[in-house]
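Trainee: Going down the list, the sequences are from chains C and L.
Just so we're aligned, residue 990 is where the first sequence starts under this note's numbering, counting upward by one.
Just so we're aligned, residue 990 is where the second sequence starts under this note's numbering, counting upward by one.
Simulated from the structure, these hints should not be mistaken for laboratory data.
Mixed in with the good hints there might be a few duds.
Stated by the list, open to error - Once the Cα atoms are required to be at most 20 angstroms apart in a straight line, the calculated DMTMM-like pairs of lysine to aspartate or glutamate come out as: (1) L:K1056 with L:E1077; (2) C:K1056 with L:E1241; (3) C:K1056 with L:E1077; (4) L:K1056 with C:D1136; (5) C:K1056 with C:E1171.
Stated by the list, open to error - Pulled from the structure, derived: some chain C residues nowhere near chain L, Cβ distances all over 12 angstroms: (6) S1005; (7) R1062; (8) R1079; (9) W1118; (10) V1154; (11) G1286; (12) S1313; (13) I1355.
Keep in mind that this is a model prediction, so the values were computed, not measured.
Every residue, glycine too, gets a C-beta built ideally from N, C-alpha and C.
2 protein chains.
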Amino acid sequence: MAFIFPSRRVRRTPFSDGVEAAGVRGYTVYNHMLLPTVFHTTEADYRHLKTQVQVWDVACERQVQVKGPDARRLIQYLTPRDLSTLREDRCMYIPVCDQNGGMLNDPVLLDAGPDTYWISIADSDFLFWVQAVAGMGNFDVEVTEPDVSPLAVQGPLADELMSRVFGGAVTGLRFFGCGRFEWEGHEFLIARSGYSKQGGFEIYVNDTALGMPLWDALFAAGEDLQVRAGCPNLIERIEGGLLSYGNDMTRENSPMECGLGRYVSDNQLEHCIGGRALREEREAGSKRMIRPVAIEGMAPPSDRAWPLYADGRQVGRVSSAAYSPDFETTVAIAMVDRSHWDAGTALEVDTQDGMLSGVVQDRFWI
Amino acid sequence: MAFIFPSRRVRRTPFSDGVEAAGVRGYTVYNHMLLPTVFHTTEADYRHLKTQVQVWDVACERQVQVKGPDARRLIQYLTPRDLSTLREDRCMYIPVCDQNGGMLNDPVLLDAGPDTYWISIADSDFLFWVQAVAGMGNFDVEVTEPDVSPLAVQGPLADELMSRVFGGAVTGLRFFGCGRFEWEGHEFLIARSGYSKQGGFEIYVNDTALGMPLWDALFAAGEDLQVRAGCPNLIERIEGGLLSYGNDMTRENSPMECGLGRYVSDNQLEHCIGGRALREEREAGSKRMIRPVAIEGMAPPSDRAWPLYADGRQVGRVSSAAYSPDFETTVAIAMVDRSHWDAGTALEVDTQDGMLSGVVQDRFWI
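Chain C on its own, in the form it takes in the complex (with noise of 0.2 angstroms):
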């Protein structure tokens, strides 16, 4: 097992010394930031979530703040996703494609302020793309990364620990809700949102130097509750359907092989990039889909994709997988073609340490 090396590239978070202070033991790289994986165990940190409340480093969701008269219009074009219905309390799920229907990202969007978005992002360097579209279309917007860092507390004791240090009206919002809420005469955009099954919020800690002062606020509010550093966890993200960009999809696949096909608005398809290849997928029918796959005892670290085979040809691949205590069986994430894709169909799984059987699921573990 490797270290990872120390650098200024890999750029640490608002929270990266409660962190460490807490005893990470794992970390991954995400746009250009350090992400913890692991605390104790991935088992001990799956039944914890699934019991207490955590306190998740998220920093490393970046936002990509587009701000302008143009801004709204912008972020139309740049999604297939009917933005009509957004408002400044609610968030909105939206993929973004490139010109052939190729996801780009799967981000969050929020409205900020007036003419101001921030688009929460998964791993890839989507302000490239957002800043070039608006450089070469003439969008009169500013696109920039400011100083916001995601803090997130899930888990079911999530509403009791919020409450605590935000007051009780935040625990009024809906999924997906957003409001502004006050901590010692500072006010956050708070979302009830994160990933995780298990409930919780999302703060968008909007200054690097309250970042480690909530944190603690945060644990000593949380004391009695049990609370502890997390962080998304692996089993528990892969039961629950939640899909990882970079490893379940990619440029390779478009919103509907995601199984978003909802967030992809008839509507929008003359409008935005990539709304022809889209709405010709739409017309003939994806090839391929996301589908849970339950595969036998262990599989071993999904550190690569693993080909699916069937009836003696490749028919897909696993790209996220885990044993899950709670289900006794590897849960997995695959991307199937349309032929084998019928839940309850037998595969075989090509993993690095041999081949495992596995089967189609109906259904996520939810």
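Let chain C serve as the given structure and place chain L on it in line with the hints.
Mentor: Showing chain L alone in chain C's frame:
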């Protein structure tokens, strides 16, 4: 020291099996791909690199392939460097900038065949920029990431090892010269280049399946030369003044600030993205510049930018630093304000472990 967590998103390379068998101890992530950083210790790797020959997995230097009738015109639009002298037997180092003249990447450009160019990139998703500009500007090109993974052979014995595998003609390449050379019936584009000052080559391995066979062939041919698996070495690259995108320069910096002014051609500034901002900076003079700084004693790992102070105010920041056994000082790369960039200027360096003294040097340690 935290380990790096396995996932498909952090891509393996065609040479990862060899890297692991050689006992890699440290990794970083570069262009969403594993890049080895340590095999023995940074100091032992450094000594070996300076005396023998190493084979480096630098597959993470991904290629942005631009192909089509408008390919050359597009690339000229993307860089302020005059490409009129580009030839198929020469690489060119090209800064690429956003509309504000900020560095987006500092790649090497290669002529890879008729109407086909490879942009061999540093750590940012420059493909997004190229594809967006191409699409918005109606350039008739295809922009892709081909199956091409550079493998570097670096060190004073690199010529000897390469001539054994590819034949003596390969040693006729001049610095940044390139050509096509054969091994076992496969032809590779090879350049005399690489991210060290010890001399050597980069082999553009254009088929994943050939990765490990070529790796093994190089090790078999170099056994008596004590060939080892290696990687870009932090100490050696700082001594040599080799900048790292994301460490020493970011979108906040212009090419001139990075000491790359000789790659900014006056005759291109009317025609390329960012040209206006670059011309303004050229006329006004740069406000800050990359400078070598010697820091007394042993500095801690440079995992963050260190502010530089003088006369009671911040006058720059250190972005890379390492203790050099050969020069018996901590060698560092810094961005220093004009007021304090003269050689001999004394500065205070604010590291995570306390304040250290530094002195601006007149040149890197070469």
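Trainee: Give a verdict on every hint.
Mentor: Taking the hints in turn, this is what the structure says about them:
Among the hinted pairs, L:K1056 with L:E1077 is consistent with the structure: their alpha-carbon atoms are about 15 angstroms apart, no more than 20 angstroms. Of the pairs offered as hints, the one joining C:K1056 and L:E1241 holds, with about 18 angstroms between alpha carbons and a cut-off of 20 angstroms not exceeded. Only pairs whose Cα atoms come within 20 angstroms are accepted, and C:K1056 paired with L:E1077 is rejected, the gap being roughly 43 angstroms. Between L:K1056 and C:D1136, the direct Cα distance comes to roughly 38 angstroms. Violation of the 20 angstroms bound is thereby established for this hinted pair.
For the suggested pair C:K1056 and C:E1171, the alpha carbons sit about 24 angstroms apart, so the restraint of at most 20 angstroms is broken. With a cut of 12 angstroms on Cβ distances, C:S1005 falls inside the contact zone with chain L, its closest approach being about 9 angstroms. Every C-beta of chain L lies more than 12 angstroms from that of C:R1062, the closest at about 15 angstroms, which supports listing it as non-interface. Every Cβ of chain L is farther than 12 angstroms from the Cβ of C:R1079; the closest lies at roughly 27 angstroms, confirming the non-interface assignment.
For C:W1118, the non-interface assignment is contradicted: its Cβ lies about 4 angstroms from the closest Cβ of chain L, within the 12 angstroms cut-off. The Cβ of C:V1154 sits about 28 angstroms from the closest Cβ of chain L, beyond the 12 angstroms cut-off, so the non-interface label holds. In this structure C:G1286 is separated from chain L by more than 12 angstroms, as the shortest Cβ-Cβ distance comes to about 18 angstroms. The non-interface label for C:S1313 is consistent with chain L: the shortest C-beta to C-beta separation is roughly 17 angstroms, beyond 12 angstroms.
With a least beta-carbon separation of about 21 angstroms from chain L, C:I1355 lies farther than 12 angstroms from that chain, consistent with its non-interface assignment.
Comparing the model with each earlier hint shows violations of hints 3, 4, 5, 6, 9; every other hint is respected.
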